[in-house]
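Asker: Protein chains in written order, with my numbering: chain A, 1227 to 1456; chain B, 14 to 209; chain C, -3 to 261; chain D, 44 to 845.
Quick caveat, the hints were computed from the structure, so don't treat them as lab data.
On a predicted model such as this, the values are computed, not experimentally measured, just so you know.
Treat the hints loosely; a few may be bogus.
As the list claims (entries may be wrong) - According to the in silico footprint, chain B covers these stretches of chain C (three or more CB under 8 Å from chain B):
| hint | segment |
| --- | --- |
| 1 | 3 to 14 |
| 2 | 139 to 153 |
To be verified - Chain C side only, calculated, beta carbon under 7 Å to chain A, not exhaustive:
| hint | residue |
| --- | --- |
| 3 | 83 |
| 4 | 103 |
| 5 | 212 |
| 6 | 222 |
| 7 | 230 |
| 8 | 233 |
| 9 | 234 |
| 10 | 237 |
| 11 | 243 |
| 12 | 244 |
Even for Gly, the Cβ is constructed at its ideal location relative to N, Cα and C.
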Amino acid sequence: MAVERLNVEGQVAEGKVLRFNRGERFSHWLHVVSFFILLFTGLGVFAAGFHPLMSLVGGLQAARLIHRVVAVIFVLGTGAMFFAGDSRWHWEWLRSAFRFSDADKKHIKAFAAEFFGGHAVYPPQEKYNGGEKINSLLTIFGSAVITLSGLVMWFAPNFPAGLVDWAYPLHDLAMFVMTTAVIGHVYLSLIHPDSRASISGMLTGYVPEDFAKAHHAAWYEHAAENETAK
Amino acid sequence: MKVSRRNFLKLSGVSLTALATGLGLDPEIAQAKGYALKTEGSQKLPSICHFCSGGCGLLLYIKGDRLIHLAGDPDHPANEGTLCPKAASLRHVAYAQERVTKPRRRAPGSDKWEEISWEDALDKVARKIKEVRDSSWKGSEQLPDSKTGQPVSYAVNRAEGIAMLGSAEVDNEESYLLKKFSQILGTPYNEHQARI
Amino acid sequence: MTRKMVLADTSKCTGCKACTVACKEWNQLPAEKTQLVKSYQSMRTFTPDTWSFVTFDENYSISQMHWLMRKAQCFHCADPACLKACTSKAISKTESGYVVIDKDLCIGCGYCAENCPFGVPKVDDQQKKAFKCTGCIDRVENNLKPMCVQTCQTGALEFGERDNLMVKAKKRLAEVKGKYPKAVLYGEKEMGGMTHSYILLDSPEAYGLPSHPVAPLALTLWKDIIRPVGTVAMGGAAAAVVFGILGNALRGNYGPPESGKGGKE
Amino acid sequence: MTNSWTDLQNSRCFLIAGSNCAENHPIAMRWINRARDKGAKIIVVDPRFTRTASQADIFAQIRPGTDIAYLGAIIRHILVNKLYDKDYVLNYTNALYKVSKDYKFDAGLFSGFDAKGKKYSIDSWGYQLGPDNKPLKADSLEDPDTVFAKLQEHFSRYTFDKAEKITGIPAAKIKEIADTFCQAKPATILYALGMTQHTTAVQGIRSYAIIQLLLGNVGKAGGGINALRGEPNVQGSTDMANLFNSLPGYLPAPIGTDKTLRDYLVRNGSIQEKPLVALLKAWFGQSATKENDYCFNYLPKYNLSINASMVRIFDLMNKGQFKLLINIGSNSLVSIPNRQMVRSGLAKLDMLVVSDLFEIETAQFWREPGVNPAEIKTEVILLPAAFVYEKDGSLTNSGRWIQWKDAALKPLGESKPDLEVLDSLFRRVRQLYQGSTDPKDEPVLKARWDYGQEPSALKVLQEISGYDETTGKLLPTLADYLKAPAGSVSTGCWIYTGVTGNGNLAAKRKNGDPSGLGLFKDWSFAWPANIRILYNRASCDANGQPVDPERKLVWWDPAARVWSGNDGPDVVDKTKGPETPEGKLSFRMNPEGVGRLFAAKYTSGMPAAPPVDNLPAIGLRPAGLCVDGPLPEFYEPVESPTGNLLHSEVSSNPLVVIPATVPGIQKVGKPGDFPYVLTTYGVVEQFCAGGVTRNIPVLNELMPGPFAEISKNLAQKIGAQDGDTVEVASARGKLRVRCLVTDRLQTYKVNGKDTETIGIPWGWGFASLSPGPGANELTIGVLDPGAGTPEYKACLVNIRRV
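For reference, chain A alone in the conformation it holds in the complex (with noise of 0.2 Å):
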């Protein structure tokens, strides 16, 4: 197979094929510093043990303040990539989380051998594979949830205190549901020796090819059609 194949991003390359372009690579690191940013903030409120910690951040006080700074960060800021610039790829994901082919659910059931180091066969998976499907999804949800009961929360009075009686658990419960999924991402794009490699396509943007065609063959072969086509 051509090693010099272009890919559909046009960025010529040699072993490396393009994965996410600028704009989704900043769509995920915005999301990813404000979430932790916002999770660390939070638990000073909602966790007592880490109240001693908001020192490092001026107290507990500036700390619900950040919070709320962040938060309008973490969620125009994520929301307008949708619309600035090249935001194709960024509806492309969105689709493609709502979208479980066969091969998605076999990789999840394959899923949790690969976790833990065992090789399981699953048919070649699209640009993100079932696991990655998985993980859009718990956070879409997660994030739409915890912004809506995150306002719910900061401006109460507003609201009929039935609402936000309710408020407090969900976002809570986002919180814990995003977290969880974000250690099981952290542990595959970082640590795990197969998936790690995944991680220079959220930084330069390119993908290792026989990661590629390992861990994403299908959409490495429509990368290769889409460019011939073009």
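Got chain A sorted already, so can you dock chains B, C and D onto it with the hints?
Answerer: Just chains B, C and D, lined up with the frame of chain A:
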């Protein structure tokens, strides 16, 4: 200015709050904290309430000659340490900013007060008492004779121009001196709000 | 220290509001601007500076007036919603049965205020602290009566050991029922049992109180299910990662490519 | 009070009428509840359902000012059904005394009415006297001449139905009240301004006296008639007689025609000689000798025809009589019933001197909103007063306990106790008069006035308690004072004698109560002679043994041949047993020595033959009289929605005093223009004229301002909701205030016609931290002829939503 407030629950000694587990499960029962009593080491002086005629006993807690707390006198047989809403608020009067703390004078026709020393104030009043007593003195008066009914002159020795309103709010000794003072001056016009 | 109790026999309460004044005097709470709310009640709800006030409800039926007066303050529940809601662990229960906010730990987040079924704790925005009746814990811990009980002239408020005072309350309830058939004892079981219990002369609703007060369902779900399950889930994920690493290490996946058994496919 | 606060625990029934003690005397509820826990019943009769009514077993809403109507019905009920205590009535009241043949009551007037002078000549209200000038007594109550018969005849008109038509209380309820009160013994009556602030006040309280005498409740633990005095030392200030017509110890003040001490004694009885002489010795020391009538003529002689009671002072002030008013601890602009009268009166003074803690309305009347200060020429001196716990002194509570207090704090700023102000003022005035030879200045120069460089309150109390003038030592007890010959002792107020006898008894703090009756004999000192329950001799039977085994107050100890007991015996002489005339006296302060159902004109101890030097004879003790009748009679308030159903030709009290020097200042409103009845009262959160409490933020927080309480019917009629602003107007003024719609006021029927009562608490004014409209813009300044108390509790107003 917000009164210094809520320096309550001054924690003394180590507060042994049991660190509730992060799991938010049923928390430990907090160890009782050592609470300081704000009245610790204060001097307790009894007094009597200044409102209705219950004569309830007050107990004033004084620290460094400042009144820090006021409650009912537990030894008083009538109120046994309890107080009504008015009496319970009496600490405020000790340092109320609205209290008049220096003599004041309003000149005739003026629309404001001016400060005046006690010396000048008492001097002015004493002179006025003498002036009005002398000018309004009625030594005698025509009255129908108790037997004949014909008008006869009787000695009455009255300072007609002075009225002295006493008060049900002042102590016995003050009420007594007020009566004695008005009778010696010669004014029977000594009344007070017991009648209204 | 044994569990204490304050019994408010509202049949003896004349609404003189001495308890409100004594509470403010002892705790040095400043007065606030008020307006008559209904009947002779001048305070509608609790505020950071008002921890105890008297409610007035006028019920007139079959040409008989029942003027219901009740000293409102924190009930000091045995199963307090505020404690459950407090994420800063600032609220704790004392052996003597009081629910106390530790002023230093409190961050003023207001979760206690939002979750108390009686709307008792209130957050002071300047100080970023929540405030409510402390039960005069400083007095009780020094073997004194709470200030409201000490000042009550009619004898409507009584303080003592919960066991024998509750027995006395039931006896008194029987007597009060003679004149007020709808009288109830409020606080024996509600919210797990309240340190401030009442003999009410009518149903709790007549006093604007819930007959069966409970912590909001949302709070229970949050603290008894979501929080523990979430923590376990997060712990589980972390554990899974550890095992993942071990798994991969055992399988030599971390070694140089050629020595790895597993293919890249 | 005949009894005391702590004695209320002994009662088995309370008639609380004319008092809202739960609000205005909260301590009363503590002891009432102790009695209630032992099964006592509480009856409350009030124009509104008050906080006290919330504690009542029986509540009746009454039209303000009509108490005598239903009380008369209770008296009739007692007489007709023989519910009276026969022994008590026969031995301890004047029931058997024969009334003068000239006495009669007809068509609303007693005999002796002088229409022009608007007063009664009272000769016809006497007894039939025997040759020894002692009243004749009948053998039985059936004798038509007896006081008892007069009572039956007088109150026969007061049926339950008639009372219902007048008061608005259903007849059945009045009967229920009567039965409940008569059956439970001992029963007590609690009253306050609700009973005194009428033009028929004295007679209303007389009805209480008659009820309690008939039922045999006076002089007993848990019984008596308890006037709940309103202020911390109103008992003391009346004991010290800050009253134009009396001297300390309730001695009548001398009048113009009392040329000599003897003239005074002819009028007031020889019993007054010792206390008056002792008083003159206290005031003029060595200068007062037998030869100069003990300086009797140094005292001012008031004019009997000029009623100079408190409200009338402002009336006279409006005439320009006064150039100088010294106003200590009183806020007249808010408390005198017709505010307009006070405003215009104060403006006519040269100088007003006020001593108070705060800048009360009276002190700044010259800058009241709507007043032009430039037009008011009065110079005002405002002196800062020390507060109760910033000065030594004693206060006498309603139970006659004289309680001492040491200063706990130093006076704030430059404020001074009134004691110091009065002391330094007097000494300055005396200084100004030094060297004067004008005889009118002798009293000032000769007065005894030395309480130390820094005036000591204890020295003043010791002067009040009394000295043996021969030895200069303090008089130990009242008995010693009574034994000592006139002129050899001095006492500033004879009823207080002994308070500093053996040390300062007012400061005693032993709170034991071995009797269990709440006497607390070793806590402070009660006048007279530490007797805690007055007339307690009446709690014993003919041979001196207590009639109530559970409440033993005093008894005759035959072995020791002396009266003894848990309380100090209220007897003339402890050694004179029940078989002696002195030992029989149950009401030793009355000339008859018994309770007076009929307030007859009588002086005891009149000599059989006129004295040889044909000077007028001097009796021992004249009876205390009510100027407007020997028996209570129902009269309508001056402003009433209806005519008098008993005697339409005499509607309100014929002797009512209407101060109206300034023409038109005391307008009287007609029911046509002002259809609703207004009553005024205090609230638990504020106190009197609010001079102090309206400057205490936490109290303003509890009761931020006045309101107008109205029934739901009236609210609907004027289209007002709870919280709306309404304008209430009377013939004298109007005010705007928040309206409070409540079921605690119900529409009621008076003589078949729907009637409404409106309630407004008084005590607000334009000054202080919590200003508000004053109810005395509306109230009418008409006075009870006997006591001078204004009719705050009832006047006519109209109301509209604003």
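Asker: Now look at each hint and say whether the structure bears it out.
Answerer: Structure-based check of all given hints:
{"no.": "1", "hint": "3 to 14", "result": "holds (count 3)"}
{"no.": "2", "hint": "139 to 153", "result": "holds (count 6)"}
{"no.": "3", "hint": "83", "result": "5 Å, holds"}
{"no.": "4", "hint": "103", "result": "5 Å, holds"}
{"no.": "5", "hint": "212", "result": "5 Å, holds"}
{"no.": "6", "hint": "222", "result": "5 Å, holds"}
{"no.": "7", "hint": "230", "result": "5 Å, holds"}
{"no.": "8", "hint": "233", "result": "4 Å, holds"}
{"no.": "9", "hint": "234", "result": "6 Å, holds"}
{"no.": "10", "hint": "237", "result": "4 Å, holds"}
{"no.": "11", "hint": "243", "result": "3 Å, holds"}
{"no.": "12", "hint": "244", "result": "3 Å, holds"}
Going through the hint list in order, the structure satisfies each hint without exception.
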